[in-house]
Amino acid sequence: MSEQPTFEAAQKELEEIVHRLESGEAPLDEALKLWQRGEELYRLCKERLDAAEGKIEELASRAEAAKS
Amino acid sequence: MKVEAIDYGDRRVYSVGAFNRGVASWLSRLPTVWVEGEVTELRRQARWASVFFTLKDPADGACLGVSMPRGQFDGLRLDLADGDRVHVYGRPELFEARGEFRLRALSLERFGLGEHLAALERLKQKLAAEGLFAAERKRPLPFIPRRVGLITGNDAAAKRDVLATITARFRPVNVLVGETYVQGPRAAGAIIETLRALCREDVDVIVLARGGGSFEDLLPFSDERLVRAVAACPVPVVSAVGHEQDTPLCDLAADARASTPSMAARLVVPDLAEVLQRLDRARAGLERGARRTLERERRRLDRAHERLDRAPRLLLERGRARLEHAAGRLRALSPHATLERGYAIVRSDGAIVRTGTAVEPGQKVDVELAEGGFGARVEETR
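First to last, the protein sequences are chains H and E.
Oh and the first sequence: position 37 is 131 in the numbering used here, straight run, nothing missing.
Oh and the second sequence: position 268 is 405 in the numbering used here, straight run, nothing missing.
Hints in this document: simulated from the structure, not taken from any laboratory.
Here the structure is a predicted model, which is why all the values come from computation and not from measurement.
Idealized CB from N, CA, C, for every residue including glycine.
Any given hint might turn out to be false.
Stated by the list, open to error - Under 10 Å between C-beta atoms, here's a sample of chain E residues computed to sit facing chain H:
| # | residue |
| --- | --- |
| 1 | R323 |
| 2 | A327 |
| 3 | A427 |
| 4 | L438 |
| 5 | H442 |
| 6 | D446 |
| 7 | R447 |
| 8 | L452 |
Chain E on its own, in the form it takes in the complex (with noise of 0.2 Å):
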């Protein structure tokens, strides 16, 4: 196609028209394509020739101009609402009047479970392979919280279950309740909001509940913005949402998952009762203990003082008996007890006699007997 153009000496001019021609005729040649996105302000009217929407990129919010003949858009009987996610078939267009660029369609196709079951399989891949649902990055609960977050849809039989369960158990914790949207194409934005405001509020632990629904009631739940939220999410999260079946993947990322939302609620908060009850039991436990403690130590000590008495005597017995022993041996080995037996001692000049040699006959000597004793005169030697 030739635009026209006009020249101003070496500078070449086009009319706002020519140049939209120009570029519509370029983007006429580019290929028909499908593309993803969820329908947000539709507008449709008798009077018009085409219906408009605008497709919206739910991960960046990027947003595209859509339009479709009526009729077309009419007899595919979609009753499409906001936040639907549908696919599009058809290729870019500049409506050159306005110079406004969109994507003219030919087809449009709902986004069906089948497609909702592969998305929710390919994101639950790519969370799980960043880590986001390890055990390893899974929080402990606080065991007695100050004060409670719960993120709930307004006058919910889920509030009111966690409600009850919370103040049966242990009435004295504070309970902050986030109401938002639940479900629909606002609620992942409104629950993401209200997570963040509830940390703000210096909350302990949160609980994100909702009750059973629909797969496409639940969505909302897999969103890969909240479920980013729920894993970065300051303070511990127990998310309860939908029934034991379904498995939002936000229970993945959550620190703790719970089946319905009083088992949330069993799992925030003790009973009180039973804690009171269990520290009883341990005060009593550590009392006896302490006085069986006692006991066996006094024990050991009396037993210890007893021997202690007992020693000082019971040395002296024992040192009066190893004295006498010594004195009766003693005694046994002392000359005199010979003498006794009738033997006597003949000393010369002091010097005991042990030999007849050693003395010579008329020499005088002296006899020691046991009881007195004698000079005398040796009459021979032998």
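Here chain H stands alone, though its shape is the one from the complex (with noise of 0.2 Å):
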């Protein structure tokens, strides 16, 4: 995996992590492993979520404003 996934990458890869976790498939110290990098592909994803919105909200103003 590359240093910054897209998000569509990153959010996959979270759920695949989830997937794996909850078969129960992962020994022990690799399910740590694995809930530690989906707590990281979370935070990625929830921060690009985040910028996506202040941008509508950005866009969103500016277009209003625009119109006045």
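Take the two lone chains, each set in its own frame, and fit them into one complex as the hints suggest.
Pasting the structure below:
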């Protein structure tokens, strides 16, 4: 996995990790590592969504300003 | 007819009069024919024996002088004007005194409606066969033209209608008006000139507008040169000539056809208010779409995160349970549990004694119990 995966790639990996953990296949120390990675991916995805929301608000207010 | 010549040695030379007479006599043997053209430069004077005019080919401008006895011309009561199309019946003749060649008219007919219609139909078939009216040739009109060229008669209702409609719909557009003749013999050429002039002014679309008129009034708009110029025009042309039932050929060659001048204006510019409204709606939809996508992704991420958080604890509990289970089984399998139930292990020299014959009477053995044990001596064997 590269340093900055796309949102879609990060989300996909996160969901795969959740699935793997829930199936109980992973050995314990690997499971811990997976969990850590999962949290990291969650943070990354959330940051992206927050940034996207900020962008939407900015564009919306700019459009509102242009209208008046 | 005998033409006299003077011989200078072996060179035969004719006087001007003799030459003209010779040519005239040769011409007079040609047959009488019908010639079609437009009347120009009509000259008639009471003291002249003949009426003169020039017959002009509208397609290539070729000219032919025509003379007709004045009495005969007046008797026809044709009331001809420059630009009228006629059929002349006559024979070629040389006016000997001036050496001028011309057509001596015996009869003259105005080109009638029937002839016009037939000629128009022939031209239409010819141009259609060349593909000038083909749908593939039609170009789309610009959505918002920067500059509109308008060709119209001066002070025409058509001009007012187009300008008023354009202004009402899309004020910012720039209209360049080319005023020109829109009927009569000079109209076709003048319209072509205006068309070219407007193209040089960098217009994005041209409207050719003329209100209704008689069949003859609209004839210039079916002129072959004009029709070809419209088809070849580098920018799209909207034709709004005459009323719904008239179909001048320039309508067929144009990129779009409008039934009235104001319809042409509607084709050429969009309604600004409507465009702005549509744009607003699109923008609102865009924002809604972006927010919806964001919400969806957020919910999906939250779900994944909840499950992720639960996963390690679940895993740990599952591991613990498995461990307990294994410990239980391990304990169940331990020999100690057997001793608890009252069994004992007998060893002789460290080896477990499994049969009576493995020991002798008097031999020392070691007995292990669930708790502690003791040494013993064998009394008897069985």
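Hints versus structure:
no.: 1; hint: R323; result: 52 Å, violated
no.: 2; hint: A327; result: 47 Å, violated
no.: 3; hint: A427; result: 5 Å, holds
no.: 4; hint: L438; result: 5 Å, holds
no.: 5; hint: H442; result: 5 Å, holds
no.: 6; hint: D446; result: 8 Å, holds
no.: 7; hint: R447; result: 8 Å, holds
no.: 8; hint: L452; result: 5 Å, holds
Checked against the numbered hints given earlier, this structure breaks hints 1 and 2; the rest are met.
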